[in-house]
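With chain L held as given, fit chain F onto it using these hints.
Line order of the protein sequences matches chains L and F.
Per the numbering used here, the first sequence starts with residue 459, numbered consecutively.
Per the numbering used here, the second sequence starts with residue 213, numbered consecutively.
Since the hints were made in silico from the structure, they are not lab data.
Careful: at least some of the hints might be erroneous.
As the list claims (entries may be wrong) - Label pairs and their calculated CB-CB ranges:
1) F:Asp-261 with L:Ala-504: 18 to 28 Å
2) F:Pro-262 with L:Asn-831: 41 to 51 Å
3) F:Ser-301 with L:Thr-582: 54 to 64 Å
4) F:Gln-388 with L:Leu-597: 53 to 63 Å
5) L:Leu-586 with F:Glu-289: 51 to 61 Å
6) F:Asp-261 with L:Thr-846: 45 to 55 Å
7) L:Leu-586 with F:Glu-323: 50 to 60 Å
8) F:Ala-384 with L:Arg-821: 27 to 37 Å
9) F:Gly-288 with L:Thr-481: 36 to 46 Å
Stated by the list, open to error - One side of the interface only, derived from the structure: several residues of chain L facing chain F at Cβ under 10 Å:
10) Leu-473
11) Asp-480
12) Ala-521
13) Asn-522
14) Ala-533
15) Gly-540
16) Val-542
17) Arg-687
18) His-704
19) Gly-705
20) Glu-787
We put the beta carbon where it would ideally sit given N, CA and C, even for glycine.
Chain residues, written in single-letter form:
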Amino acid sequence: MATPRHRFGFETRMLHAGHVPDTEVGARAVPIYQTTSFVFDDPETAAQLFELKQYGNIYTRIANPTTAVFEERVASLENATGAVATASGMAAQFVTFMTLLQPGDEMVASAHLYGGSITQLTHTLKKLSIDVRFVDPTLLDQWESAIGPRTRALYGETIGNPRGSILDLEPLAQLAESRRIPLIVDNTFATPWLCRPLDWGATITLHSATKFLGGHGTSIGGVLAEAGRFDYSHFPTIAEPSPAYHGLNFYETFGHYGFLMKARAETVRDTGACISPTNAFLLLQGVETLSVRMERHVTNAMAVARFLAEHAAVAWVEYAGLPEHPQHELAQKYVGGRPGAVFAFGIAASSGDERAAGSRFIRALQIFSHLANVGDARSLVIHPASTTHQQLSDDELVRCGVPPEMIRLSVGLETLEDLLWDLDQALHATSD
Amino acid sequence: MGSGSGPACDIRLNTRLTEDQRRRFQNVDTIRRLLRESRTIAMVGLSSDPAKASQFVATYLQHEGYRVVPVNPSGGEILGERAWPDVASVPFPVDLVDVFRPGRECVAVAEQAIAAGVPAIWFQLRIDALKAAELAERAGLAVVLDRCVKMEHGRWAGSLHWAGMNTEIVTARKRQRGLV
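Only chain L is shown next, with the shape it has when bound in the complex (with noise of 0.2 Å):
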């Protein structure tokens, strides 16, 4: 008898996709391998596995077992056809760049990126003659424009960090396609639950897990997830003979997971940008509750954006869920119109108090940790001004979309009230 076909659901694959209890112990849980390596069943298929032609696990600078459960509900999650785990959101975006890149080659990017991916584009590329021009995401004339004959790839982020601009998915992946690039997209802000690009037509999306994935502020990790529909065929890096495989075709071979078998078995092995197989765990434990964190996420950080839009201390909110955001449609076609938990606000300061200002009300949070990072269970803040960005002159700071007055918040899942009480007491003390 035929078995009834089911689809499973997104809550569903959050806790089961990629894990099926073992053959031997049935553990429910998914097991932490912290092992470097895996005794083979005998030399021939050690050659085997070598080759490429036995799928399995050598060493855990390649692929581990906790680590593929992590990777396979991720991929679940995206609508993904697999997907890498890397030692951070970094990683997996420079393991993404190195598998599809070579020197020469040029790529179009939105200028509202983290200011560490800026870094990498712009420096760390520029070391292996690889050229980025940075696009306004926000229009699709200007992405036209800048791709020429030698771009390999556009690159954007779903939710833009920190100026919540939204990425207008579909007509960019339509400009990709029509240019037979890919779309690589960053849903590190939006995660899976709010926005899957690639079910917009996106080739590539990837992840700082560190954040909403993993969601505790426990553990750096990042993911790469690809649709498994682009076709490499014309993709040198791709679906030319790799010399580190005796002239292997990744494309022709693996298909639809030659760019995904490509960034493993080259890529991650050869930078050695892998994860730890106690962070995939540790990782996991959050992907397993997501909706029900990112739901609440959402609803925190959309109360405190509108109390903050009606505080008299508040100069202004970037929050693409309020409808006087630019993006506001968008966030409402993408994300539903809740466009994550990130976002930045400017405090009511007098000309040229604007940084000291925002030192005086970090001083004074109680709840707010002051910190570098986004997308823990608990409210995060940070003053780029006097921060990551304190070098730079005021009118730089301007310059770079990061005016002096700048706060930037990762909303978490505190009591709403008494978030509200921290940031109303934090301002009247800032401009007392």
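Relative to chain L, chain F alone:
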């Protein structure tokens, strides 16, 4: 297979087939039965070049205990087995014909498989073989289209998962020995 039916999850990714075609030519129960019950697999278009996809599949299947019979007009020996010029020439029964040829050659391969009384035929990923598949279906063969026999084995044996791939298998049941 343990007790009861297999996992109820649907397998939808990475195919060009329509929903209706998937039901006919990617039936999960059929795929799992063929992987479980087949012992001798004739691979039409198995290359003698170790870098080719067909060799990756054949090497894998041999390692998993299947006998792989090369069908290749160049003759000679591939992976330790004598190569036969076509399906009709294979002098012993085969359980499954696995096809690595372009779509235009597939009807002829299907006709030979039907004539030889082979119970099942499998056309690999991205082969445009709908006509050949329908022909074999009408003749009563079990037919799989637009799937890779290695990937499917890896999916149900649990090893594809180790490569971080989305197997689409969702179940809270303990894994059975062998194929899930």
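In rising order, the numbers of the hints this structure does not comply with:
5, 8, 20
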